Amino acid sequence: MARSEEIGKSEELNLAPIMNMVMILIPFMLINASFVLVAALEVHSPQNSAQSVNPEQNDEQEEVQVPRVLVGITEDGFTVSDLRSTPEFLTGLNGGSFGAPIEGCQSGPASNELGQNQPVTVCNRNSGNGSLLTRLNYRGLYNRLVEIHEHPAWADRWETSNEIVNIVADREIPVEVVIRTMDVARYYLEANAYSDEEQFQTATYNMNDGQPRRLFPDPVLLLPRPSAE
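Going letter by letter, the sequence shown gives residues 34 to 262 in the numbering used here.
Just so you know, not all the hints are guaranteed correct.
Said to hold, decoys possible - Quick list of simulated restraints, FRET-style, between CB atoms:
id, residue 1, residue 2, range
1, Phe61, Pro245, 16 to 22 Å
2, Ile51, Asn162, 32 to 38 Å
3, Asn195, Tyr238, 19 to 25 Å
4, Met62, Glu223, 41 to 47 Å
5, Arg190, Glu230, 29 to 35 Å
6, Asp229, Met54, 56 to 62 Å
7, Gly243, Ala49, 56 to 62 Å
8, Asn47, Glu205, 26 to 32 Å
What the hints contain is simulated information worked out from the structure, not anything from laboratory work.
Remember, predicted model here, so these are calculated numbers, not experimental data.
Glycine included, every Cβ here is placed at the ideal spot set by N, Cα and C.
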């Protein structure tokens, strides 16, 4: 009888050693933890949430037609244009317009989802099978944006008051490509133009009073125009 009572009796589990072990491990886990510093890039949205690549209604609200740089991202390269097609400025840029193809790019129409009937301004630097991030010609894009910003017709009137760059991308464009495009457009590098890819990739910002010199630091993300079915 005494033996059966001994078998049926349950002992309380002593959790103290386990708790002590956990308390010892916590500091080691915190010491070895990897902390990631995330940099935030401020991105603006259009004033009208329904704004598309063709916002004629906003032009009527401004007394002076101010050109707006529009960069389109496609699988074939970048298109660069004036969002508002400002007539008095289109003939002022070398090549005739924002979107004149750079040297080495074809002048035929491009196929994209952006609702733009224009050739690619900055074609891909190679046609390999790598990712789009490695195929796009960011050096050519930077050179064109600086060309626009430095042109007398732009610099004399809007150098400090028109720092917006509108960016629109095909639906399949990876987000890292959009982010890289915004980074390239934000600040001047050491030189205003680069012909060597390695020099462009390793270049640092052009500093002015301890701050990077501003190119187009205010990105606005637009939605591509819905295709008509």
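>> Assuming the hint says 56 to 62 Å, is it satisfied by the Cβ distance from Asp229 to Met54 or not?
In response: Hint holds: Cβ distance 58 Å, inside 56 to 62 Å.
> Taking the CB of Phe61 and the CB of Pro245, does the distance hold inside 16 to 22 Å?
Replying inline: For Pro245 against Phe61, whose Cβ atoms are near 41 Å apart, the range 16 to 22 Å is violated.
> Range hint 29 to 35 Å: satisfied by the CB atoms of Arg190 and Glu230?
Replying inline: holds (33 Å)
> In this structure, is the beta-carbon distance linking Asn195 and Tyr238 contained in 19 to 25 Å?
Replying inline: holds (20 Å)
> Are Met62 and Glu223 spaced within 41 to 47 Å by their CB atoms?
Replying inline: holds (44 Å)
>> Against the range 26 to 32 Å, how does the distance between the Cβ atoms of Asn47 and Glu205 compare: consistent or not?
In response: Given range 26 to 32 Å: violated, Cβ gap about 59 Å.
> Is the distance from the Cβ of Gly243 to the Cβ of Ala49 consistent with 56 to 62 Å?
Replying inline: Roughly 57 Å apart at Cβ, these two residues keep to the hinted range, so it holds.
> Taking the CB of Ile51 and the CB of Asn162, does the distance hold inside 32 to 38 Å?
Replying inline: Given range 32 to 38 Å: violated, Cβ gap about 54 Å.
When the structure is compared with the earlier hints, violations turn up for hints 1, 2, 8 and for no others.
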